[in-house]
Amino acid sequence: MKARRASTYALCVLRCPGGVGSFTDWAAFEKDFQAEFFPIDPAKSAALALRNREQYGQGKRTLDKYIDSFQALVEQAAYPDGLQLCLTFWNGLHPALMERIDNLAEGCPDDEQIASWYKVARDQWQLMEIWQELHRAHPAPRSTSMVTLQHPALLHSGPAPAPATPAPQPLLPGIPMDVDMAQQHHLAPLLCQQCKKPGHFARHCPLGLE
16 MKARRASTYA LCVLRCPGGV GSFTDWAAFE KDFQAEFFPI DPAKSAALAL RNREQYGQGK
76 RTLDKYIDSF QALVEQAAYP DGLQLCLTFW NGLHPALMER IDNLAEGCPD DEQIASWYKV
136 ARDQWQLMEI WQELHRAHPA PRSTSMVTLQ HPALLHSGPA PAPATPAPQP LLPGIPMDVD
196 MAQQHHLAPL LCQQCKKPGH FARHCPLGLE
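In this note's numbering, the protein residues as written are 16 to 225.
Misleading hints may appear alongside valid ones.
What the hints assert, rightly or not - Below, a list of computed lysine to any residue pairs in the SDA-like style, where the Cα atoms sit at most 20 Å apart:
(1) 75 / 92
(2) 75 / 47
(3) 59 / 86
(4) 59 / 75
(5) 46 / 25
(6) 75 / 137
(7) 134 / 87
(8) 59 / 79
(9) 59 / 96
(10) 59 / 90
(11) 75 / 114
(12) 80 / 116
(13) 134 / 86
(14) 75 / 91
(15) 80 / 110
(16) 80 / 46
(17) 80 / 25
(18) 134 / 111
(19) 75 / 109
(20) 75 / 25
(21) 80 / 91
(22) 80 / 67
(23) 75 / 133
(24) 75 / 106
(25) 59 / 92
(26) 134 / 99
(27) 46 / 62
(28) 75 / 99
(29) 134 / 46
(30) 134 / 144
(31) 80 / 145
(32) 46 / 67
As the list claims (entries may be wrong) - Computed Cβ-Cβ distance ranges for the label pairs, DEER-style:
(33) 64 / 138: 20 to 30 Å
(34) 137 / 64: 14 to 24 Å
(35) 151 / 118: 22 to 32 Å
I should point out that these hints are in silico values taken from the structure, not numbers from a laboratory. No residue lacks a Cβ here, since even glycine has one placed at the ideal position from N, Cα and C.
Assemble the whole structure, with the sequences as input and the hints as a guide.
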């Protein structure tokens with residue numbers, strides 16, 4: 016019974032003409048009270064509750080409490096086991112647990128067996144609790160600001176000096192200044208795969224024509 020709903024009912028009774036005296040006897044009050052707070056069709060009320068995630072979902076409750084309340088609604092609504100029931104249970108899970116189950120590479124629950132979903136959800140919830148306990152016991156170290164050490168000669172307001180360019184390497188003896196770029200990189204000449212001489216491919220090798 017919700018306090019807000021009960022207080023509203025009490026105010027309505029008190030504001031009615033005659034107030035509490037409007038009930039002829041206790042049986043009349045009990046009948047009116049049951050009509051207000053107890054549904055006529057529990058199965059229909061449970062089925063409607065299972066359509067509203069805000070009403071049946073886990074929220075801030077533990078997983079065990081969510082499963083207990085979910086099972087009670089399923090029994091009242093006579094909800095059959097199957098894909099729709101599993102989807103309803105999945106939709107009511109805590110978002111973090113829902114995402115964890117979605118990302119499972121193996122050990123996924125059977126989409127036709129709600130008992131399989133209960134087991135996998137409990138296993139993953141337990142792993143989440145263990146991870147949280149480890150995180151509390153061993154929190155990540157705070158990041159410290161990096162201090163850049165510089166030479167005192169570089170701590171001035173002027174522009175930074177240009178990096179020194181390496182001195183050109185002297186040419187090897189016998190190579191002219193206007194040497195070709197390919198010769199500067201010492202590219203090996205193409206050799207024939209048959210006679211091992213440069214200047215032609217193997218299919219044009221003179222040895223192959225003899």
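Verification of the supplied hints:
1. 75 / 92: violated, 24 Å
2. 75 / 47: Violated, at about 34 Å.
3. 59 / 86: This hinted pair holds, its Cα atoms lying about 15 Å apart.
4. 59 / 75: Roughly 26 Å between the alpha carbons, so the hint for residue 59 and residue 75 is violated.
5. 46 / 25: holds, 15 Å
6. 75 / 137: Roughly 16 Å between the alpha carbons, so the hint for residue 75 and residue 137 holds.
7. 134 / 87: Holds: residue 134 and residue 87 sit about 17 Å apart, inside 20 Å.
8. 59 / 79: Answer violated: residue 59 to residue 79 is near 24 Å, above 20 Å.
9. 59 / 96: Distance ~17 Å between residue 59 and residue 96 Cα, so the pair holds.
10. 59 / 90: holds, 12 Å
11. 75 / 114: holds, 16 Å
12. 80 / 116: Status holds; Cα separation ~19 Å.
13. 134 / 86: At roughly 14 Å apart (the allowed maximum being 20 Å), residue 86 and residue 134 satisfy the hint.
14. 75 / 91: violated, 23 Å
15. 80 / 110: holds, 16 Å
16. 80 / 46: violated, 32 Å
17. 80 / 25: violated, 30 Å
18. 134 / 111: holds, 17 Å
19. 75 / 109: Distance ~8 Å between residue 75 and residue 109 Cα, so the pair holds.
20. 75 / 25: Violated: residue 75 and residue 25 sit about 30 Å apart, past 20 Å.
21. 80 / 91: Holds. Residue 80 to residue 91 sits at ~17 Å (cutoff 20 Å).
22. 80 / 67: holds, 17 Å
23. 75 / 133: holds, 18 Å
24. 75 / 106: At roughly 14 Å apart (the allowed maximum being 20 Å), residue 106 and residue 75 satisfy the hint.
25. 59 / 92: Holds - the C-alpha atoms of residue 92 and residue 59 are around 6 Å apart, at most 20 Å.
26. 134 / 99: Holds, because 18 Å separates the two Cα atoms, which is no more than 20 Å.
27. 46 / 62: violated, 25 Å
28. 75 / 99: Violated, because 24 Å separates the two Cα atoms, which is more than 20 Å.
29. 134 / 46: Violated. Residue 134 to residue 46 sits at ~43 Å, over the 20 Å cutoff.
30. 134 / 144: holds, 15 Å
31. 80 / 145: holds, 19 Å
32. 46 / 67: violated, 29 Å
33. 64 / 138: 20 to 30 Å: holds, 27 Å
34. 137 / 64: 14 to 24 Å: holds, 22 Å
35. 151 / 118: 22 to 32 Å: Holds - the Cβ-Cβ distance for residue 151 and residue 118, about 23 Å, lies within 22 to 32 Å.
Violated hints, in rising order: 1, 2, 4, 8, 14, 16, 17, 20, 27, 28, 29, 32; the structure is consistent with all others.
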